[in-house]
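Chemist: The residues making up each chain are set out below.
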Amino acid sequence: MDVLKKSILLLLLSGYTLFAAGPFVWAAMMSLRTTTEIHYDHFGFPDPIHWEKYPEAWFNSNYAIYFTNSTQVVLAAVIIVTLIGAMAAHCLARYRFKLNRLVYFVLFSTIIFPPQITIISLFQILVQYGLYNSKLGLTLVYVAIQLPLTVYILESFFARIPSDLFDAARMDGYSDWQIFWKVSLPIAVPAVATTVILNFILLWNEFLFAVVLITDEVNRTLPLGIQRFIGDTQEDIGMIATGLMIAIIPVIVVYAFFSEKLIQGMTAGAVK
Amino acid sequence: MATVTLQDLTKVYDRSAPPAADRVSLDIGDEELMVLLGPSGCGKTTTLRMIAGLESITSGSLSIDEQVMNQVPAKDRDIAMVFQSYALYPHMTVKDNLAFGLRRRAVPRAEIERRVKEIAETLELSPLLGRRPHALSGGQRQRVALGRAIVRDPKVFLFDEPLSNLDAALRVSTRGEIAALHRRLGATMIYVTHDQVEAMTLGTRICIMSGGRVMQVGAPLEVYHAPVNTFVAGFLGNPPMNLIPARVAEGDGGRRLAVAGESLVLPPARMPALGPETALTFGIRPEHVTLRRDGAEAGASLAAEVLQTEALGAETIVLAALREDRAAKVMARVAGDAGFRVGESCRLQFDLAAAHVFGAEGDVLRPR
Amino acid sequence: MAAGGAARPHDEGLRRPWGAITAFLLPALLVYAALTAYPAFRTLWNSFHEVLPRRETFIGLANYAELIQDEIFWKAVRNTFIWACASPLIEVAVATLLALALYAKVPGARFFRIAWFTPVLMSYIVVGILWAWIYNYDWGPINVALRAVGLGDWAQPWLGQPDTALPALIFVTSWMWVGFNMVVMLAALHSLPREVIEAAELDNCGWGQKLVFIILPMVRATLLNLVVLSFIGKMKIFDLVWITTKGNPLWSTETVSTYVYKRAFEWTTFDLGYPSTIAAVWFVIVLAAVLGLTHLFRLRDKLEY
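Residue numbers (this note's numbering), protein chains in the order written: chain Y, 1 to 272; chain L, 1 to 368; chain A, 1 to 305.
What the hints contain is simulated information worked out from the structure, not anything from laboratory work.
One or more hints might be untrue.
Said to hold, decoys possible - Once the Cα atoms are required to be at most 16 angstroms apart in a straight line, the calculated EDC-like pairs of lysine to aspartate or glutamate come out as:
1. L:LYS155 / L:ASP30
2. Y:LYS98 / L:ASP14
3. A:LYS105 / Y:ASP2
4. L:LYS155 / L:ASP78
5. A:LYS262 / A:ASP70
6. Y:LYS182 / L:ASP96
7. L:LYS155 / L:ASP65
8. L:LYS329 / L:GLU344
9. L:LYS95 / L:GLU111
Unchecked claim - Anything over 10 angstroms on all C-beta distances counts as not near chain L; from chain Y, calculated:
10. THR35
11. ALA76
12. GLU235
Quick reminder that beta carbons are idealized off the backbone N, C-alpha and C, glycines included.
Use the sequences and the hints to build the structure in full.
Modeler: Printed below as a string of structure tokens:
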């Protein structure tokens, strides 16, 4: 390719990059400016930089609560779903039994279910068992909605572990349970890491189930908190931008460290 | 050490298909190295896995030291296995791979340490103890796999085609190591392979299998020189035994064979007297065939034409077609400087004292 | 009987270890049964009842009869389908072009790939708020830019009028998902055997021909897979609408998800039976659409994700 063509191409790609990333840059700039400054010029650079808006949002607008709730619910759900998903995936990949493929298909086909099919009843059920409007209830529901994807990704990984390894471990005297912990799981660390990161992101952003199952301010997760926050401070764009940045910073941090893993996880199953 | 006895051991995976292992009976003595030899799909690996306890036994019985093991789980059989793929745990160092089987067996920590060190020493793995399997060469992985079996000091060693992933040179040297290991440990070993050279050089006895069944069991030279059927005759030897269709002709006490319009008279030691017109197969190994331009003995030679020659240096392999039955081809192993050319006519002279005769079903016919 | 590989069936020897199988599967199956299967069946049950906070009354197919007459529902179905059909086409087409650009070995491809993927990592809530600002009539960058180049007449409240609101939101989802699709396409392109493309070059194929006759047919499975994925994703869309327009104006952005939510938790009818009916019908429609689509693409065996 000659230099001219390449430059034009590069220019177009840079333009698209601006389009894809621009909104975040804009929000990041606004998060460091006061609403008055923003109203004066919506696209100005932060000058001076108002770092104090972050502690303000964190302490005065309940962001600390939202953030803690999100962290608790998401971490608990991710740990549980990874564990029980890995157990099920290991079982489906390793043991041959009559209902194996049926169980796999049943778990897996839930991926296409529209959430409405369960959400109303989940509301009723959680109310019935006193789990409505509780972090525990939301955690359990999160485990259930991420289970199919987790089993799917891990099963395909476990299935690629040569069965000789399991046979060798059996001859070495290990039980089924020990083989899972000492052979399967350690070997699957890359795939487990992928599902952990992926589930973290998806649940960190989850909104629909949270908005149905949580009402109290003290139990709100970040997406609910943001929604609440814009309701309260309709016109305070500067503060809202700060709030948005607080919500996306963990995602950006995870992405900065694990971009390849995350891309790999998000796109697992789509590549043919 | 241990004896292993298989009695009518059968494995059926699928009721509509023939059994993967069909009434396999075998007595493996203490300190013996028994080779299970056969083409792929012959049931040798299935048999090995049943002995290991990795595969359930459909019927028949398996005993180790006279104790029936059918229902004993793999971990309690005191058997170690070396896998074709080595099956090294990729997430563990060489040291942990070696120690993994011992940790489970309540061996004291210091004892584990000592044994791992000792094995690593003998297998020259000491400098590699801290490495992971992916950082090892094929030969090194193979030695770790061996070490992992040896360190447990089991009653019986099982080998499942352990050399097939190595390159040719390494295969020869590792073969030597396994033979030395067997001599040194004096352990009972069962070794599965499809490679007849491995079988001949390693085995104290060879068990040749086909279609899930045992064809013949015997010392390497015994199965080579006295194959019980055409399968064994055709499987062993490189090139394998020539097998030529023949009929019994009149005269010579029922030991005259009509082959391609000519006749061969077999010595009484090689063939029982049979009625005329009996259809059978005449077998002769390539090393017992010579090519003559003239002076061939009547009754021990056939006219032929050279089709192909492969000069290997010390010897030449000649493929010839019988003149009167060009579908019948014979391989001969002749001296390297014999100088026969493609298309040349000659006579194939047979050393009939080494001939074999097989019946219509393929089983060997021997004089009583 | 080839020994060794992963292909050998995992026969467990001795008895099948039902104990272990049960222990491994039980937690997942319990969660599935309690929080997916049971609620799904209960929704179906609800759909034949009037479900008030303290009372359930069997009303047969009354809800279904009402649903057929419910214009808002059909409007929502229409909107959702427009979304689910338009998005895959836009996303996959743009993503393919971008992926081809990066495939052509431009410098900085790794950076572009990572940057473009970013939007999909953000929640619809964050994205919704950002784009509500971007579409803002007075100071949103779009209108500001239009006025700056003298096209002030074109400036409009994008999310505030029925005929632009839905396209504007579809545009937002495309902005979000193009990067994702691009990464998948790029992976598919990179997995193509180099020799085939080189062979085409030797056959004197131009870029366009190479693309149409060699590359696209070879990544067909991935393309169709992405279309199905995008379709499924848009059939579920809720958050973005909820945070931006709540289905307004005039139900022009109402999706089935938002309508179910409104009927269940916003309207003061307190009846959970009718929204359950919507959910049940919608479930069947989605299932049929996805199966139909995959069948159409002859992907039936490969339906994944």
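Chemist: So is Y:ALA76 really clear of chain L, every C-beta pair being over 10 angstroms apart?
Modeler: With a cut-off of 10 angstroms, Y:ALA76 remains clear of chain L, as the shortest Cβ separation is near 27 angstroms.
Chemist: Check the hint pairing L:LYS95 with L:GLU111 against an upper bound of 16 angstroms on the C-alpha distance.
Modeler: 14 angstroms, holds
Chemist: Sort out whether L:ASP14 lies within 16 angstroms of Y:LYS98, counting only the CA atoms.
Modeler: 14 angstroms, holds
Chemist: Does the alpha-carbon distance linking L:LYS155 and L:ASP78 stay inside the 16 angstroms limit?
Modeler: 6 angstroms, holds
Chemist: Quick one, are Y:LYS182 and L:ASP96 close enough, alpha carbons at most 16 angstroms?
Modeler: Measuring from Cα to Cα gives roughly 12 angstroms; hence the hint holds.
Chemist: Sort out whether L:ASP65 lies within 16 angstroms of L:LYS155, counting only the CA atoms.
Modeler: 9 angstroms, holds
Chemist: Are all beta-carbon distances from Y:GLU235 to chain L longer than 10 angstroms?
Modeler: 56 angstroms, holds
Chemist: Compare the distance between the alpha carbons of L:LYS329 and L:GLU344 with 16 angstroms, and conclude whether the hinted pair is satisfied.
Modeler: OK: L:LYS329 and L:GLU344 at ~15 angstroms, within 16 angstroms.
Chemist: Regarding the assertion that Y:THR35 does not contact chain L, is the least Cβ-Cβ distance greater than 10 angstroms?
Modeler: 54 angstroms, holds
Chemist: Does the structure keep A:LYS262 and A:ASP70 at a Cα separation of 16 angstroms or less?
Modeler: 14 angstroms, holds
Chemist: Taking 16 angstroms as the top limit, are the C-alpha atoms of L:LYS155 and L:ASP30 close enough?
Modeler: 10 angstroms, holds
Chemist: Are the Cα positions of A:LYS105 and Y:ASP2 separated by 16 angstroms at most?
Modeler: 12 angstroms, holds
Violated hints for the displayed structure: none, as all numbered hints are satisfied.
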